[in-house]
Amino acid sequence: NAGVTQTPKFQVLKTGQSMTLQCAQDMNHEYMSWYRQDPGMGLRLIHYSVGAGITDQGEVPNGYNVSRSTTEDFPLRLLSAAPSQTSVYFCASSYGGRAIDTQYFGPGTRLTVL
Amino acid sequence: KNQVEQSPQSLIILEGKNCTLQCNYTVSPFSNLRWYKQDTGRGPVSLTIMTFSENTKSNGRYTATLDADTKQSSLHITASQLSDSASYICVVSGGGSARQLTFGSGTQLTVLP
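Top line first, the protein sequences correspond to chains D and E.
Just so you know, we're using the numbering used here here: the first sequence kicks off at 1 and counts up by one.
Just so you know, we're using the numbering used here here: the second sequence kicks off at 1001 and counts up by one.
Hints were generated in silico from the structure; no laboratory data involved.
Heads up, some of the hints might be wrong.
What the hints assert, rightly or not - Covered stretches of chain D (chain E as the covering partner; in silico rule of three or more C-beta atoms under 8 Å from a C-beta of chain E):
no.	segment
1	18 to 29
2	81 to 95
What the hints assert, rightly or not - Here are the in silico distance ranges between beta carbons for each label pair:
no.	chain 1	residue 1	chain 2	residue 2	range
3	D	K14	E	N1018	45 to 51 Å
4	D	M19	E	G1041	33 to 39 Å
5	E	V1045	D	T15	31 to 37 Å
6	D	K14	E	N1059	32 to 38 Å
7	D	M19	E	T1063	28 to 34 Å
8	E	S1053	D	M19	31 to 37 Å
9	E	S1058	D	G96	24 to 30 Å
10	D	K14	E	N1055	22 to 28 Å
11	D	S18	E	K1017	23 to 29 Å
12	D	G3	E	N1018	40 to 46 Å
13	D	R110	E	G1016	29 to 35 Å
14	D	S67	E	R1061	39 to 45 Å
15	E	T1078	D	G16	28 to 34 Å
16	E	G1096	D	K14	37 to 43 Å
For clarity, every value in this text was computed on a predicted model and none was experimentally measured.
Note that CB positions come from ideal geometry on N, CA and C, so glycine has one too.
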């Protein structure tokens, strides 16, 4: 099993550009989520999904869109990049959406917006 | 507002030594507390999870403790190794859902030879 994979690993954007961060898992997990990690702060939830076709907003959803057309894939779209979106983005998945379910994280995408 | 505070922010120890990392939380209601290890450039990996009824849990050289009354947890690392160099993140659940997690900012541990 590859686990949770994310692409790209690094990305530099100019303000106003759009892009999609890819996330895939091969563990047949129903719950998937996107977090951002900023220096000196804990991970913050952007969007999450409890299954194919179902998504919802987390703590910091503004400027991001998600979709979940399959169980395996959960892409994160930046609509119009801003410098405040410079961060490291992590995708995670778990068997269920309970707090006690272990979340498995991808390796992250380091995004810089100029 | 739910908060998770970790101390120290960073710690440097010599290989073979023990260390203890602290986590204080103000999350309510409390469901469970998990410790993650995050190597540089990688995603977090779960070390251990404790519910309110558990006060100690071990995973190899890692031992986590929980005092739900004082809302404190600690992670003790025994006989440290160079591979223990990482950020250790405390995560507290304020409910039964994964979307109700509050993450601490982590303690950066460096183990020197």
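Checked hints:
Coverage of the segment 18 to 29 of chain D by chain E is violated [criterion: at least 3 residues with CB-CB distance below 8 Å; count 0]. Beta-carbon proximity to chain E at under 8 Å applies to 3 residues in the segment 81 to 95 of chain D; the threshold of 3 is reached and the given coverage holds. Taking the beta carbon of each, K14(D) and N1018(E) are about 48 Å apart, inside 45 to 51 Å as hinted. The hinted range of 33 to 39 Å is not satisfied by M19(D) and G1041(E), whose Cβ atoms lie roughly 21 Å apart.
A hinted range of 31 to 37 Å for the beta carbons of V1045(E) and T15(D) is consistent with their spacing of about 34 Å. Taking the beta carbon of each, K14(D) and N1059(E) are about 44 Å apart, not inside 32 to 38 Å as hinted. The beta-carbon spacing between M19(D) and T1063(E), approximately 43 Å, falls outside the hinted interval of 28 to 34 Å. In this structure the supplied range 31 to 37 Å is violated for S1053(E) paired with M19(D), their Cβ-Cβ distance being about 45 Å.
Separated by about 25 Å at the C-beta atoms, S1058(E) and G96(D) satisfy the suggested range of 24 to 30 Å. For the hinted restraint 22 to 28 Å between K14(D) and N1055(E), the CB-CB distance of approximately 52 Å leaves it violated. Judged by the Cβ atoms, the range 23 to 29 Å given for S18(D) and K1017(E) is violated: they are separated by roughly 49 Å. The supplied range of 40 to 46 Å is broken by G3(D) and N1018(E), whose beta-carbon atoms lie about 31 Å from each other.
A beta carbon spacing of about 33 Å between R110(D) and G1016(E) agrees with the range 29 to 35 Å that was offered as a hint. In this structure the supplied range 39 to 45 Å holds for S67(D) paired with R1061(E), their Cβ-Cβ distance being about 42 Å. At roughly 51 Å, the beta carbons of T1078(E) and G16(D) sit outside the given window of 28 to 34 Å. Take G1096(E) and K14(D): their Cβ atoms lie about 42 Å apart, and the range 37 to 43 Å holds.
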